[in-house]
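The residues making up each chain are set out below.
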Amino acid sequence: MTNVSALSEQTAPNDPIAATRTLVLERHFPHPQEKLWRALTESTLLAQWLLNNDFEPTPGRKFQFRADPVPNWNGLIDCEVQLVDPITRLAYTWGSLGLESVVNWTLTPTDGGTHVRMEHSGFSADQEHAYKGANYGWQRFLNNLEYLLKGGNK
Amino acid sequence: MEQTNANPVFRALADPTRRSLFEQLTRHGEQTVHALTTYAGVSQPAVSKHLTVLKRANLVRHRRSGRETHYRAQPNALAPMVDWLSQYGAFWRDRFDQLESLLERMEP
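From first to last, the protein sequence lines are chains A and B. Each residue of the first sequence is one higher than the one before, starting from 1 at the first, in the working numbering. Each residue of the second sequence is one higher than the one before, starting from 1 at the first, in the working numbering.
Please keep in mind that the hints were generated in silico from the structure rather than gathered at the bench. It cannot be assumed that every hint is accurate.
Stretch-level coverage of chain A by chain B, calculated; a stretch enters the list once three of its residues show a Cβ under 8 Å from a Cβ in chain B [as the list claims (entries may be wrong)]:
hint	stretch
1	22-31
2	35-41
3	45-52
Derived Cβ-Cβ restraints for the label pairs, each shown as a range [to be verified]:
hint	chain 1	residue 1	chain 2	residue 2	range
4	A	ARG66	B	HIS28	30 to 36 Å
5	A	THR58	B	ARG105	45 to 51 Å
6	A	THR106	B	ARG63	51 to 57 Å
7	A	ARG61	B	ARG64	55 to 61 Å
8	B	ARG105	A	ASN74	27 to 33 Å
By construction, the Cβ of each residue, glycine as well, lies at the ideal position given by its N, Cα and C atoms.
Let the hints inform the model, and build the full structure from the sequences given.
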């Protein structure tokens, strides 16, 4: 099994100012492509490894992923299916806390299983994103810290 | 998360008074030390000391005008603490692990 992750920086050709960054995660799974596709597109299976959701593999379908709420974040991720190309490609938008991004999945069959590539793109250097994200991140961090300082175990 | 850059920020915000001063400046914009002292309900030297710590972490900026010193928040300073890429990087790696164990459990 390989587990390669890479960060890449890309600049939109038409808008040099709006530099966005992409998170790329790739892994080989010793399972058939059909099975991977089911895990990625069947709502109940998706909920078991990603997040609770009302996903349906239909282009244009608006759905939500629902994480546990934390201070300053209701845990909702608003998404819309962009591309469904059965058992090979899947893409949906991913919007949360001011982050407007896109998640792209590509499945490629291999000798012993399936190669999965996940691209999460649209991370911009925009300070609003950073700030909203910061709110979420540091609130949670500080809550934990306060808890620890009070003698709790977390 | 970039430890080296984030540490002064974490340290500055770990104190509840400093955190509340910073939040106050974030919500209501620029304010004088005088106003902040009234808000915080602690002595002015204590407030000044807290503001100095926030300033060192680049969380606030100040300017003098007459006899008053005005402070304002620099929310950009929080950016090193929350790097979307590293947060989501950890998130997805964790989810890939869960996907792997789900695949083991699934019918072929």
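| message | Tell me the hint numbers this structure goes against, listed in increasing order. | response | 5
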